[in-house]
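**Student:** Chains as they are written, first to last, in my numbering: chain C, 1441 to 1515; chain D, 20 to 465; chain P, 8 to 324.
Derived by calculation from the structure, the hints in this document are not laboratory data. Since this is a predicted model, take the numbers as computed values, not measurements. There are no misleading hints in this set.
Chain P is nowhere near these chain D residues, computed Cβ spacing over 10 Å in every case:
#, residue
1, Leu156
2, Thr299
3, Asp358
4, Ala440
Quick list of simulated restraints, FRET-style, between CB atoms:
#, chain 1, residue 1, chain 2, residue 2, range
5, P, Trp276, D, Val330, 55 to 61 Å
6, D, Asn209, P, Arg202, 35 to 41 Å
7, P, Arg202, D, Ala200, 40 to 46 Å
8, P, Pro232, D, Asp414, 45 to 51 Å
9, P, Glu310, D, Arg265, 30 to 36 Å
C-beta atoms are modelled at their ideal positions from N, C-alpha and C, and glycine is treated no differently.
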Amino acid sequence: MKINLRNMVLLAGGAALLGGCSTLGVKPWQRDVLARADMQLNAEPLDAAIDDHMYFSKEASSGGRGFAGGGCGCN
Amino acid sequence: MQLKRARCRLIAASCALLGATAARGQDASSAAADSPSGDWNIDSAIAYYHESGRIKAIEPIVNISKDYGDGNTFGAQLVFDSLSGSTPNGALPSTRPQTFASPSGKSLSAAPTTYTTSSGQLVSQSAPIYAINPGQLPMDPNYHDQRIAASGTWGHAFTRLLHGTAGGKLSYERDFFSMSANAGLARDFNEKNTTLSFQVNNEFDSLSPIGGAPVAASDYALFAKGGGKTKDGVGVMLGLTQVMTRRWLTEFNLSVDRFKGYLNDPYKIISVIDGGGNTTGYLYERRPDTRMRKSAYWENRAAWGRVSANVSMRYMVDDWHVHSDTVQLHVRWRNFDRDRYLEPTLRWYRQSAADFYTPWLDSTAGNHIGYASADQRLQAFHAVTYGLKYGVKLDDSEDQSSSQFSVRLEYYRQTPDNPRAGPGSLQGLDLYPGLEAVLLQVGWRF
Amino acid sequence: MAVLADDSRREIVPNTNRAPDAALNIEARGPDLLAVRFSAMASPCELLLPASARAHAADLGAVAAREARRIEAKFSRYREDSVVAAIHRSRGGAAGIDVDEETASLLDFARECFDLSDGLFDITSGVLRRAWKFDGSDRLPAPAAVERLLPLVGFDKLRWEPPHLFLPADMELDFGGIGKEYAVDRAYQLIAAGRDEPFLVNFGGDLRANRPTARGPWQVGVERPESDGRAALILELERGALATSGDARRFLLKDGVRYGHVLNPRTGWPVANAPRSVTVAASSCTEAGLLSTLALLHGAEAEAFLAEQGVSHWVLR
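Please put together the full structure from these sequences, using the hints given.
**Tutor:** As structure tokens, then:
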């Protein structure tokens, strides 16, 4: 893996998560903000589906959040 | 006891107790607790996509989902899309007119029924032959396709902390059929602050290109085509979701997938150019028959009062030596009454070219080419998307099942990077025009 | 506590009447209110609705009754099939017990209240019942008997790692201190969903309303202690919850000193100079109930404690 800014940022992100996981977080009664609709990880599934389809048909990358296979003949 | 602070904690604790139990809807009676659509959440949208001078598409899509309350969930999606317009065929512009056959064509010799539009463009009507004027990017104007796809996913909670999902997807088009199945497991830790997940996906695609699948790297003019082809792929994804603070959630995914089989685009060709820049012929493309991709994805969501933000990054590499970076930013601004929002979005994307990407082939190289493709999607380019979304809540509830109407507009522009200048007479031509597209989407959720 | 309509002085019928548990009685309460009455949690319960909601009254009453009885059955000390019984069967064992989400939420709430009250609110204090019998007599327990029970009291002595609960041998859990108020809030939520018209849920004096009636605020009557010759205290409630804690019915009286039934978990003894009745208003019944219980435990300082919390309160001595 090349040493460049992007790789370092991603590695740092992953390492921070793995390292800090057991001490991070909130109590069950502190989940008010996390319960908001716009804080859900799959908050806008249709936007994501339409965008993924659009980018899959125009670019060489896909997936990341979900699977990379497009299931359509557009690439 | 610090008295005032104690009361704040008590209020928060009672809200959490009552919020948590209300959200689960335990033993909720039918008289009082249903969402307007009777437990099914329906999310629908219709999108109109238009590439400047190229493809237009209409895509209605609908998602339904239901939480049974006992740890089981079900979701299904149905999407239909209809595309038409012009699509680049991979050949390069030339200083001379060029003639091509649409995929169903059997030769270049049939006289086309042509007419000139008011903008001076030569268009073929009903016959599969199309002519391209000098200097223009060769595009097949007869492209049209319709697709229908359906998918479903079941979710099941084995224990309070262990959840599983299983799903499948089917997609039908005139020349392409795809089916896939997926399964996953997720386990919560640290009072549900951490979730580890694992997913597997398996896909099988069957292609029946119009006119047949061309023999790879064969001469275009020979129209040497065979029967249908297939490809299949497996992917795995490892995910970690972590609540960082009360206002910040993060997700990190690592995924690998590998496809094998017929990975060519059956409709794309490559121009063969001589030293003077003249096109001497065309070849069908040839790509490797395997492709393995690895990607790392990191998403962050955070909210403060009326504002929430989503920042994500993705890095992908594959064994075609394409590597890409994607950064996306969404910021949602809700109004004072929290019944409307405006969400500007920005996406920045950059990819490198596949190692066998070549805008043209050199006529002196002979016919013994290895892998080659002139498909614009494999070239080095960067792309920017600017978007704006506006949403209006149609009812009073705060959660994801509230009714909502939304409109979204996006502008996408793709610009090739470091394009190679053409030899000879091609030097004055714009060989890499890039791409511009607009998306307009209207959605209802209820 | 009774909820009155206008100036009518009709009282809540106490639970000694002959109506069977399952029955819902619907009766008028003044010219534009209906009361759907049932009994649950050893208390008379009612759901008050505008007369225009007559068509749904039985359904809504059934919702409230079902929820109250479900919570009662689930957390009852007396039933073998309750969650509390299952927890008690698991105590002392190495494996502990996995609890469901609702029980987990209540345990989280109990832990937070234990923390913020510095141990005054403690759902493990039920074992003290073995020494204290509040039958109105003058038989106080021997101090040694209470001493022996103190090691079994203390929420910090059990291990709660959601969803695993490890309860040491001989300790007890008792949700009685929050059960009724929690049931009011739950029944309230079930009925409030999508409903615009005013209503009030009242389980034996712990109550919650969503908005004022068409005629004005709900009129709530609070009984005064018998020694007080005055008429009931009338409170006006627009929205929110009221909860009352008091020792009017269960107490011991010795040498002129009254020992109320609310025990301080830290000492094992009732608090000296506790008020006879504390009524607190808050946005949820659970919150109001917690505050009224804590106020009682502050004895002579009850009024000062409540004043500092910034809640509306009525303390009767």
